[in-house]
Amino acid sequence: DAMVIQNPRYQVTQFGKPVTLSCSQTLNHNVMYWYQQKSSQAPKLLFHYYDKDFNNEADTPDNFQSRRPNTSFCFLDIRSPGLGDAAMYLCATSVPLFAKNIQYFGAGTRLSVL
Amino acid sequence: GENVEQHPSTLSVQEGDSAVIKCTYSDSASNYFPWYKQELGKRPQLIIDIRSNVGEKKDQRIAVTLNKTAKHFSLHITETQPEDSAVYFCAASSTGNQFYFGTGTSLTVIP
Chain D
3 DAMVIQNPRY QVTQFGKPVT LSCSQTLNHN VMYWYQQKSS QAPKLLFHYY
53 DKDFNNEADT PDNFQSRRPN TSFCFLDIRS PGLGDAAMYL CATSVPLFAK
103 NIQYFGAGTR LSVL
Chain X
10 GENVEQHPST LSVQEGDSAV IKCTYSDSAS NYFPWYKQEL GKRPQLIIDI
60 RSNVGEKKDQ RIAVTLNKTA KHFSLHITET QPEDSAVYFC AASSTGNQFY
110 FGTGTSLTVI P
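The listed protein sequences derive, respectively, from chains D and X. With positions in the first sequence counted from 1, the corresponding number in our numbering is that position plus 2. With positions in the second sequence counted from 1, the corresponding number in our numbering is that position plus 9.
These are calculated hints, taken from the structure and not from any lab test. Here the structure is a predicted model, which means the values were calculated and not measured. Think of the CB as a built atom: it goes at the ideal place given N, C-alpha and C, for glycine as much as any other residue. A hint or two may mislead.
Claimed, not checked - Each pair of labels, with its calculated beta carbon distance range:
1) X/ASP68 <-> D/ARG11: 29 to 35 Å
2) X/LYS51 <-> D/ALA88: 39 to 45 Å
3) D/ASN32 <-> X/LYS67: 27 to 33 Å
4) X/HIS81 <-> D/THR28: 18 to 24 Å
5) X/GLY50 <-> D/GLY84: 22 to 28 Å
6) X/GLY25 <-> D/GLY84: 45 to 51 Å
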């Protein structure tokens with residue numbers, strides 16, 4: 003059974019039109035992450051939540067926002083998508099356990115910007 | 010912040026040979042080092058990990074070594090098979106919950 007679920011799998015939006023990607027988890031993990039992965043590149047951490055505490059990476063553009071209304075759900079909002087925002091967006095969860103912090107990834111949402 | 014470097018960016022080996030991928034990190038506070046395998050269009054999958062209090066860990070054909078003093082860690086795959094072909098990412102994490110990924114290695118195993 004899928005434990006980290008991302009919807010939709012594919013999203014097409016227009017240049018400048020706000021878009022929201024969603025992620026849900028059945029693991030009850032404290033931490034949820036959003037990564038951006040462009041073709042042939044490594045996942046780049048955008049931000050993460052530890053419970054309700056939001057942690058933004060210093061180089062994450064202001065155009066990217068996130069909401070976590072409860073433990074199970076986390077949303078990525080892109081306020082004005084540009085062509086450079088086309089990428090795979092990966093959600094992940096983790097819970098620190100025995101000094102390890104194993105991440106569980108969702109299948110990703112591939113965003114296209116027209 | 011943490012900076013993780015990974016080499017080589019591409020690696021081709023003959024089936025049955027070994028493959029080694031190396032990573033270095035900059036933040037001495039990093040204490041957890043996972044390795045992920047990512048097939049085209051799929052999510053990263055954790056294949057092995059190591060904590061900073063351990064020097065080596067092995068799981069069947071896969072092993073990881075860690076040198077804390079030199080701040081580098083390596084992935085070793087023995088007896089490679091065509092299904093090992095994928096992109097491999099190393100990562101480093103500290104108690105701050107952030108994960109920082111290396112730039113990836115595209116491994117091709119030639120039958």
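These are the hints, each one checked on the structure:
no. : hint                            : in the structure
1   : X/ASP68 <-> D/ARG11: 29 to 35 Å : 30 Å, holds
2   : X/LYS51 <-> D/ALA88: 39 to 45 Å : 19 Å, violated
3   : D/ASN32 <-> X/LYS67: 27 to 33 Å : 30 Å, holds
4   : X/HIS81 <-> D/THR28: 18 to 24 Å : 37 Å, violated
5   : X/GLY50 <-> D/GLY84: 22 to 28 Å : 23 Å, holds
6   : X/GLY25 <-> D/GLY84: 45 to 51 Å : 47 Å, holds
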